[in-house]
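Asks: One-letter residues, chain by chain:
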Amino acid sequence: MTGTAESLAFATRFRAPALVALGGAAAFTALRVRDPHIEGSWGLCPFLWLTGRPCPGCGGLRAVNDLTHGDVAAAVSSNVLVVVLVAVLAVAWIVWVVRTARGVDAPMIRIGARTSWVLVGVVVVFGVVRNLPFGAWLAP
Amino acid sequence: MTQPPVGPGQPGDDPSASYPPPPSYPPPSYPPPGTGTPPPASYPPGYHPPGQVPLGGTAPARPYAGWWSRVGAALLDGLMSLLVVLVPLVVGLILLFQNSDWSDSEEIRIEWGAVNTVGVVLLVLAGILGLCFVIWNKGIRTGTKGQSLGKSIVGIEVVGVDTGQYIGAGFGVLRMILDSIFGNACFLNYLWPLLDSKHQTWHDMVVKSVVVRKS
Numbered sequence: 001m002t003g004t005a006e007s008l009a010f011a012t013r014f015r016a017p018a019l020v021a022l023g024g025a026a027a028f029t030a031l032r033v034r035d036p037h038i039e040g041s042w043g044l045c046p047f048l049w050l051t052g053r054p055c056p057g058c059g060g061l062r063a064v065n066d067l068t069h070g071d072v073a074a075a076v077s078s079n080v081l082v083v084v085l086v087a088v089l090a091v092a093w094i095v096w097v098v099r100t101a102r103g104v105d106a107p108m109i110r111i112g113a114r115t116s117w118v119l120v121g122v123v124v125v126f127g128v129v130r131n132l133p134f135g136a137w138l139a140p
Numbered sequence: 001m002t003q004p005p006v007g008p009g010q011p012g013d014d015p016s017a018s019y020p021p022p023p024s025y026p027p028p029s030y031p032p033p034g035t036g037t038p039p040p041a042s043y044p045p046g047y048h049p050p051g052q053v054p055l056g057g058t059a060p061a062r063p064y065a066g067w068w069s070r071v072g073a074a075l076l077d078g079l080m081s082l083l084v085v086l087v088p089l090v091v092g093l094i095l096l097f098q099n100s101d102w103s104d105s106e107e108i109r110i111e112w113g114a115v116n117t118v119g120v121v122l123l124v125l126a127g128i129l130g131l132c133f134v135i136w137n138k139g140i141r142t143g144t145k146g147q148s149l150g151k152s153i154v155g156i157e158v159v160g161v162d163t164g165q166y167i168g169a170g171f172g173v174l175r176m177i178l179d180s181i182f183g184n185a186c187f188l189n190y191l192w193p194l195l196d197s198k199h200q201t202w203h204d205m206v207v208k209s210v211v212v213r214k215s
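These protein sequences, in sequence, are chains W and Z. Here our numbering is used: position 33 in the first sequence is 33, and no number is missing along the way. Here our numbering is used: position 46 in the second sequence is 46, and no number is missing along the way.
Honestly, the hints are just simulated from the structure, not real lab data. No residue lacks a Cβ here, since even glycine has one placed at the ideal position from N, Cα and C. Possibly wrong hints are sitting among the right ones.
[Stated by the list, open to error] A few chain Z residues that face chain W, going by a derived Cβ cut-off under 8 Å, partial list only:
no.: 1; residue: Ile153
no.: 2; residue: Phe171
no.: 3; residue: Leu174
no.: 4; residue: Leu188
no.: 5; residue: Met205
no.: 6; residue: Val206
no.: 7; residue: Val207
[Stated by the list, open to error] Residues from chain Z that keep clear of chain W, each with C-beta distances beyond 12 Å, as calculated:
no.: 8; residue: Gln52
no.: 9; residue: Gly57
no.: 10; residue: Ala61
no.: 11; residue: Gly66
no.: 12; residue: Gly72
no.: 13; residue: Leu75
no.: 14; residue: Leu76
no.: 15; residue: Pro88
no.: 16; residue: Leu95
no.: 17; residue: Asn116
no.: 18; residue: Val124
no.: 19; residue: Gly127
no.: 20; residue: Trp136
no.: 21; residue: Arg175
no.: 22; residue: Ala185
no.: 23; residue: Arg213
Kindly generate the complete structure, drawing on both the sequences and the hints.
Replies: Below, the structure written as structure tokens:
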């Protein structure tokens, strides 16, 4: 392969990881600049507004904002799932970039149907538990 | 639901689909000769000619659905679910807010002591109605018939990338759930077909589906 073809292939291969990084960085920046701890700064959750109870996603934006300040404890107390998700995504992205650099053409994360049903189940259970007395520490 | 097994890939479902597989596989569509770079002796796994999805089994390769046609189908589906919930939603909101104090324009105050029960019931009804409609339309219908109502209008359908067949109600519903999660969490999901080699969104990848033009 010639040098230009190689560098072209290089750019094509890293297009997706670059886009994902850009998207992640944009989200983090936005949540850092516009603080979701201020009520209504990112709009109102209709679920919370109607029921007064936290849904599985409640506290997610606040958790990301806490992470940008390096306050992991506050982030975890806002929404553990989101903190775990961010950590998993970060690791997966790094592994992805390394593998891409080695010429492996694979998606960032590969999950099957069964795994995703399980994950959906985890989210639902989390949403229920954080609304129960013994799971109150999971609520934001 | 209880129809005879007129599944995808069987005549009767779509007269124009010449599904009975030809005795020979379609010829591998190498780039035409004389373009300078000769094709490699064997393509790496996962490679496929641009513009077409080779589907597993004996299904013929199918042309991908264009990104804009998918966007159009999604907008049509959204419009239809809005229409389904429109009446109970609007009436419910009117009933709920008619006794509200609007004098303080900074925030909406609802006298919760005097909440209009019918309004609340209508709102809940609208929610359940909309949910059921979306589960049926984007989940079950897409899984069993390959198309949501929007996709039928646009003329594209969802098939399994390994099978070329419709993915079934279970995978269809899972695809719908993941669509809503991924779509809400990150808009990149909807842009992904633009740079993916199989034009897949993330919810496509999980249930191993591709969206193709309906022939």
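Asks: Work down the list of hints and note, for each, if the structure agrees.
Replies: Verification of the hints:
1. Ile153: violated, 28 Å
2. Phe171: Z:Phe171 check passes; min Cβ-Cβ to chain W is 6 Å, inside 8 Å.
3. Leu174: OK, holds: Z:Leu174 within 8 Å of chain W, min 6 Å.
4. Leu188: holds, 5 Å
5. Met205: holds, 6 Å
6. Val206: Since the shortest Cβ distance to chain W is 5 Å, the answer is holds.
7. Val207: holds, 6 Å
8. Gln52: Consistent with the label, Z:Gln52 stays out of reach of chain W, its closest Cβ about 19 Å off (over 12 Å).
9. Gly57: Z:Gly57 clear of chain W: closest Cβ-Cβ about 19 Å, beyond 12 Å.
10. Ala61: holds, 20 Å
11. Gly66: Since the minimum Cβ distance to chain W is about 20 Å, Z:Gly66 lies beyond 12 Å and the statement holds.
12. Gly72: Non-interface label stands for Z:Gly72: nearest chain W Cβ at 23 Å, farther than 12 Å.
13. Leu75: Given a closest Cβ separation of 21 Å, the condition holds.
14. Leu76: Per Cβ check, Z:Leu76 is outside 12 Å of chain W; nearest 24 Å; holds.
15. Pro88: holds, 15 Å
16. Leu95: The assertion about Z:Leu95 holds, with a minimum of 15 Å to chain W.
17. Asn116: Correct as stated: the minimum Cβ-Cβ distance to chain W is 14 Å, above 12 Å.
18. Val124: violated, 9 Å
19. Gly127: Given a closest Cβ separation of 9 Å, the condition is violated.
20. Trp136: holds, 18 Å
21. Arg175: violated, 9 Å
22. Ala185: violated, 9 Å
23. Arg213: Its Cβ never comes within 12 Å of chain W, the nearest being 24 Å, so this holds.
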